[in-house]
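Asker: Chains H and Y supply the protein sequences, listed in that same order. Under this note's numbering, think of the first position of the first sequence as 104, with each following residue one higher. Under this note's numbering, think of the first position of the second sequence as 13, with each following residue one higher.
Because the hints were derived from the structure by calculation, they are not lab data. Predicted model only: the values in this text are computed from it and were never measured. Please note: incorrect hints may appear among the correct ones.
[Unchecked claim] To be clear about the criterion: a stretch of chain H counts as covered by chain Y if any three or more of its residues have a C-beta under 8 angstroms from a C-beta of chain Y, and this derived list gives those stretches:
no.: 1; region: 140-146
no.: 2; region: 207-216
[Said to hold, decoys possible] Incomplete in silico selection of chain Y near chain H, CB under 7 angstroms:
no.: 3; residue: V31
no.: 4; residue: L60
no.: 5; residue: K113
no.: 6; residue: F116
no.: 7; residue: S118
no.: 8; residue: G119
[Unchecked claim] Chain H residues, not near chain Y, derived (Cβ > 12 angstroms throughout):
no.: 9; residue: Q131
no.: 10; residue: E161
no.: 11; residue: V165
no.: 12; residue: T177
no.: 13; residue: S197
no.: 14; residue: D199
Backbone N, C-alpha and C fix where the C-beta goes; we use that ideal spot for every residue, glycine too.
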Amino acid sequence: SAVISQKPSRDICQRGTSLTIQCQVDSQVTMMFWYRQQPGQSLTLIATANQGSEATYESGFVIDKFPISRPNLTFSTLTVSNMSPEDSSIYLCSFDSGDTEAFFGQGTRLTVV
Amino acid sequence: AQSVTQLDSQVPVFEEAPVELRCNYSSSVSVYLFWYVQYPNQGLQLLLKYLSGSTLVKGINGFEAEFNKSQTSFHLRKPSVHISDTAEYFCAVKRYSSASKIIFGSGTRLSIRP
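Using the sequences and the accompanying hints, generate a full structural model.
Answerer: Encoded structure:
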């Protein structure tokens, strides 16, 4: 199974600033997904990204707020821009290896003050 | 479109008692079914998955789930729980496609009392 390294594991940020979250996988993967888990809630998909193409965003999420990069098949970043306290959540990256199963990073616990 | 309903937001049980966490799904196409577990302050870990074949699926940590197509259910069970099973459990579905997203239920918090 793929091993995913996500960082930072947690951060406390000032409102109005931006945070970039990184995900590194130990093997090449096709699809990448970024999820948000708000306090006490389930996981909501932010966007889906393939290497070399624009990310596809779910309803309610926009590229200006959550820009995503996918420079190669083992790495991706999600930026949370112009943060407000409502952005305080756990952000998780996930990779679909092309099989039936998705693997998740450990998550980034973000607090915006 | 697919959707997942977890009927219980919280389930408190005593240690060594049996537990069932309920999950129903809705989909117009065939789907794979999953249960994930999230321990406090950790990421998601796959407990088990149903792809096809036998409707009773066994997973890690003594958990099992039964796929019932007629009732569109995929309930998770364990005959005897341990304190270490305290966690959030998520039922999820994924459309038959290597590139499709996973849809999660709202989660069930399992709390084990000594």
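Asker: All hints are to be evaluated individually against the structure, with a verdict given for each.
Answerer: Hints versus structure:
Judged by the Cβ-Cβ criterion of 8 angstroms, the region 140-146 of chain H is covered by chain Y as claimed, because 3 of its residues qualify and three suffice. Proximity of the region 207-216 of chain H to chain Y, defined as three or more residues with a beta carbon under 8 angstroms from a beta carbon of that chain, is established by the 5 residues found. With a least beta-carbon distance of about 20 angstroms to chain H, the hint placing Y:V31 at the interface is violated under the 7 angstroms criterion. For Y:L60, the suggested interface contact is broken, since its CB lies about 11 angstroms from the closest CB of chain H, more than 7 angstroms.
At about 5 angstroms, the closest approach between the beta carbon of Y:K113 and any beta carbon in chain H falls short of 7 angstroms, and the interface hint on this residue holds. Against a cut-off of 7 angstroms between C-beta atoms, the interface hint on Y:F116 holds, since the closest Cβ of chain H lies about 5 angstroms away. Here the hint on Y:S118 is kept, as its CB sits about 5 angstroms from the closest CB of chain H, short of 7 angstroms. The criterion of a C-beta within 7 angstroms of any C-beta in chain H is met by Y:G119, whose closest approach is roughly 5 angstroms, and the hint holds.
No Cβ of chain Y comes within 12 angstroms of the Cβ of H:Q131; the nearest lies about 14 angstroms off, and the non-interface call holds. Look at H:E161: its CB is around 8 angstroms from the nearest CB on chain Y, not clear of 12 angstroms, so calling it non-interface is violated. At the 12 angstroms boundary, the C-beta of H:V165 stays outside the reach of chain Y, the nearest C-beta of that chain being 18 angstroms off. Non-interface status of H:T177 relative to chain Y is upheld: no Cβ of that chain comes within 12 angstroms, the nearest being about 18 angstroms off.
Once the 12 angstroms rule is applied to beta carbons, H:S197 is inconsistent with being away from chain Y; the minimum gap is 7 angstroms. Once the 12 angstroms rule is applied to beta carbons, H:D199 is inconsistent with being away from chain Y; the minimum gap is 7 angstroms.
Violation of the numbered hints given earlier is confined to hints 3, 4, 10, 13, 14; the remaining hints are satisfied by the structure.
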